[in-house]
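Note that the protein sequences, when read in sequence, are chains A and B. With our numbering, letter number 109 in the first sequence gets 158, and the count goes up by one each step, no holes. With our numbering, letter number 88 in the second sequence gets 91, and the count goes up by one each step, no holes.
Hints are computed from structural coordinates only; laboratory data are not their basis. Backbone N, C-alpha and C fix where the C-beta goes; we use that ideal spot for every residue, glycine too. Treat the hints with care, since some could be wrong.
To be verified - Here are the computed distance ranges between Cβ atoms for each label pair:
| id | chain 1 | residue 1 | chain 2 | residue 2 | range |
| --- | --- | --- | --- | --- | --- |
| 1 | B | 23 | A | 62 | 40 to 50 Å |
| 2 | A | 56 | B | 75 | 38 to 48 Å |
| 3 | A | 79 | B | 55 | 43 to 53 Å |
| 4 | B | 75 | A | 64 | 41 to 51 Å |
| 5 | B | 44 | A | 136 | 17 to 27 Å |
| 6 | B | 34 | A | 104 | 14 to 24 Å |
| 7 | A | 65 | B | 120 | 30 to 40 Å |
| 8 | A | 64 | B | 61 | 47 to 57 Å |
| 9 | A | 134 | B | 58 | 17 to 27 Å |
| 10 | B | 49 | A | 125 | 39 to 49 Å |
| 11 | A | 136 | B | 115 | 16 to 26 Å |
| 12 | B | 84 | A | 67 | 23 to 33 Å |
| 13 | B | 13 | A | 161 | 21 to 31 Å |
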Amino acid sequence: DTGVSQDPRHKITKRGQNVTFRCDPISEHNRLYWYRQTLGQGPEFLTYFQNEAQLEKSRLLSDRFSAERPKGSFSTLEIQRTEQGDSAMYLCASSPLGAKNIQYFGAGTRLSVL
Amino acid sequence: AQKVTQAQTEISVVEKEDVTLDCVYETRDTTYYLFWYKQPPSGELVFLIRRNSFDEQNEISGRYSWNFQKSTSSFNFTITASQVVDSAVYFCALIYSSNFGNEKLTFGTGTRLTIIP
């Protein structure tokens with residue numbers, strides 16, 4: 050089994066531009082999570098998919114953020130009209146169905162908004 | 004509300020010393036799970052251990068050991084005979100189920116551990 054894969058690893062963009070990140074979970078993992086981690090903080094939950102259904106979104110996720118998981122496999126996270134406050138590490142995790150299963154994380158995409 | 008507190012922001016020890024990372028949690032749930040993750044400079048969060056609220060037995064895995072005490076809401080992590088490769092940020096986390104059946108992790112702010120050769 051390969052681990053959770055995220056692309057790109059680093060993204061530098063100018064304020065106001067749109068960016069899209071991709072996450073490939075561990076195969077056969079039904080659950081997929083996005084978290085955001087700012088400097089010196091622990092990851093914070095953004096959104097959750099079970100298969101292709103987006104079941105929960107955090108209040109941290111403004112209208113400029115959208116996530117999809119079209120076929121229940123990979124997921125994309127898009128940020129429109131980026132702001133400097135969006136600069137962070139965006140982490141993806143996956144887990145199989147079942148109570149309190151371990152979430153396996155990717156290496157993250159580090160976004161810098163200039 | 005769920006909360007995880009890691010009061011130690013940074014710790015430095017000399018190689019081969021033992022070190023304990025503290026974790027205190029708050030939850031109203033009677034059933035919950037606690038986790039420790041390691042984040043090396045590469046950025047990936049590496050799972051270390053999961054412990055459920057009904058099992059208060061201490062656990063040892065090689066040089067790692069965990070002490071879970073429900074009475075003090077603590078889940079501390081000890082590294083024995085530390086090595087330079089142990090240098091990383093360590094996160095304690097709590098999992099609970101939201102109304103949506105989601106199981107999202109609540110993380111502490113992490114402890115940056117530096118092992119000095």
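*Hint says 43 to 53 Å; check whether the CB-CB distance for residue 79 of chain A and residue 55 of chain B agrees.*
21 Å, violated
*Evaluate the given range 39 to 49 Å for the C-beta pair formed by residue 49 of chain B and residue 125 of chain A.*
For residue 125 of chain A against residue 49 of chain B, whose Cβ atoms are near 24 Å apart, the range 39 to 49 Å is violated.
*asked:* Quick check: does the Cβ-Cβ distance between residue 56 of chain A and residue 75 of chain B fall within 38 to 48 Å?
replied: For residue 75 of chain B against residue 56 of chain A, whose Cβ atoms are near 43 Å apart, the range 38 to 48 Å holds.
*Taking 21 to 31 Å as the hint, is the beta-carbon distance of residue 13 of chain B and residue 161 of chain A inside that range?*
Distance hint for residue 13 of chain B, residue 161 of chain A holds at roughly 24 Å.
*So does residue 64 of chain A sit 47 to 57 Å from residue 61 of chain B, Cβ to Cβ?*
50 Å, holds
*asked:* Taking 41 to 51 Å as the stated bounds, is the beta-carbon spacing between residue 75 of chain B and residue 64 of chain A within them?
replied: 46 Å, holds
*Should the hint that residue 65 of chain A and residue 120 of chain B are 30 to 40 Å apart at their CB atoms be regarded as holding?*
46 Å, violated
*Cβ-Cβ distance between residue 34 of chain B and residue 104 of chain A: within 14 to 24 Å?*
21 Å, holds
*Range hint 40 to 50 Å: satisfied by the CB atoms of residue 23 of chain B and residue 62 of chain A?*
Between residue 23 of chain B and residue 62 of chain A, where Cβ atoms are some 41 Å apart, the hint holds.
*State, for the Cβ atoms of residue 134 of chain A and residue 58 of chain B, whether the hinted interval 17 to 27 Å holds or is violated.*
41 Å, violated
*asked:* Taking 23 to 33 Å as the stated bounds, is the beta-carbon spacing between residue 84 of chain B and residue 67 of chain A within them?
replied: 49 Å, violated
*Are residue 44 of chain B and residue 136 of chain A spaced within 17 to 27 Å by their CB atoms?*
For residue 136 of chain A against residue 44 of chain B, whose Cβ atoms are near 18 Å apart, the range 17 to 27 Å holds.
This entry does not satisfy hints 3, 7, 9, 10 and 12, going by the numbered hints stated previously.
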